[in-house]
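What the sequence shown shows, in our numbering, is residues 2 to 221, in sequence order.
Heads up, some of the hints might be wrong.
To be verified - Taking lysine to any residue pairs in the SDA-like style, the calculated list, with each CA pair at most 25 Å apart, reads:
#, residue 1, residue 2
1, LYS140, LEU211
2, LYS140, PRO91
3, LYS206, ARG191
4, LYS206, LEU141
5, LYS210, ALA198
6, LYS206, ALA159
7, LYS160, GLN207
8, LYS206, VAL22
9, LYS140, VAL156
10, LYS206, ARG16
11, LYS160, GLN86
Hints are computed from structural coordinates only; laboratory data are not their basis.
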Amino acid sequence: MSIGEGGKINHPLKRLALLCVGLTVMALGIAFSIKAALGTSPISSAPYVTSMISGMSVGATTIAINFLFVLIQIVILRRRFDWFQLFQLPAVVLFGSMIDVAEYAIQGIAFGNYFQQWALCALGIFFVALGVSIEVEAKLVTTPGEGVVLAICQVTPAKFGNMKVAFDLTLVCVSVVLSLCFLGGLYGVREGTVVAAACVGLIAKQLGKLMKKLDAVLLQ
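Using the sequences provided together with the hints, build the complete structure.
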């Protein structure tokens, strides 16, 4: 950590703040997706379903599942695991906690028809994409889900994009199976899940261009 003129701390704290903002915005997006009741994003489908099964909050199950993702990274990479990536753990604690806070904050919002549900779902998709673009631009740690994909790519010839799609599809399939087996119906995976899977990455890519300009202003 370097100290600049006037005793100000340079990049690290600014990037940490940007990461926290990104995680908070993502959490808000997930809360809106849950509120819309049209299906969560693929990465949130498993925490949502396990939340319904266990009775725990979505934030709590998000933390638990992402802790498991970090453990999977360690198992896959072993000596090649970058121990700095353990900072994923406090990051995901913040992320999970903010999901619960965001759900509480928007609990008064109601919808009366399918169109309004899609409006909430669209907000959720946008905020998740915005949060992802901010988190990526912070350049500190990856999210545990992305960390698993990167770990697999390090030990196999698979390309990141293809493996990310496969990983998301696996999570959705696991969520569907758990939902049908333990809840007797399909929960957390609907048309909104499909749209989120198709759109979040594309929107995040476009917002990333804006984040690079923000990076030049705030983090230099």
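So, going through the hints one by one against the coordinates:
Between LYS140 and LEU211 the CA atoms are separated by roughly 15 Å; this keeps the pair inside 25 Å, and the hint holds. With a C-alpha separation of about 16 Å, the suggested pairing of LYS140 with PRO91 holds against the 25 Å cut-off. Taking the CA atoms of LYS206 and ARG191, the gap is near 24 Å; set against the 25 Å cutoff, the hint holds. Only pairs whose Cα atoms come within 25 Å are accepted, and LYS206 paired with LEU141 is accepted, the gap being roughly 18 Å.
For a cut-off of 25 Å, the pair hint linking LYS210 to ALA198 stands: about 20 Å separates their Cα positions. Using a Cα cut-off of 25 Å, the hinted pair LYS206 and ALA159 holds, with the two alpha carbons roughly 21 Å apart. For the given pair, LYS160 sits about 21 Å from GLN207 by alpha-carbon distance, which is consistent with the 25 Å threshold. Between LYS206 and VAL22, the direct Cα distance comes to roughly 18 Å. Compliance with the 25 Å bound is thereby established for this hinted pair.
The suggested pairing of LYS140 with VAL156 holds, with an alpha-carbon distance near 22 Å, which does not exceed 25 Å. Restraint check: the Cα-Cα separation between LYS206 and ARG16 comes to about 19 Å, which is no more than 25 Å; the hinted pair holds. Proximity of LYS160 to GLN86 is assessed by CA-CA distance (about 21 Å); at most 25 Å being required, the pair is judged to hold.
In this structure, none of the earlier numbered hints is contradicted; all agree with it.
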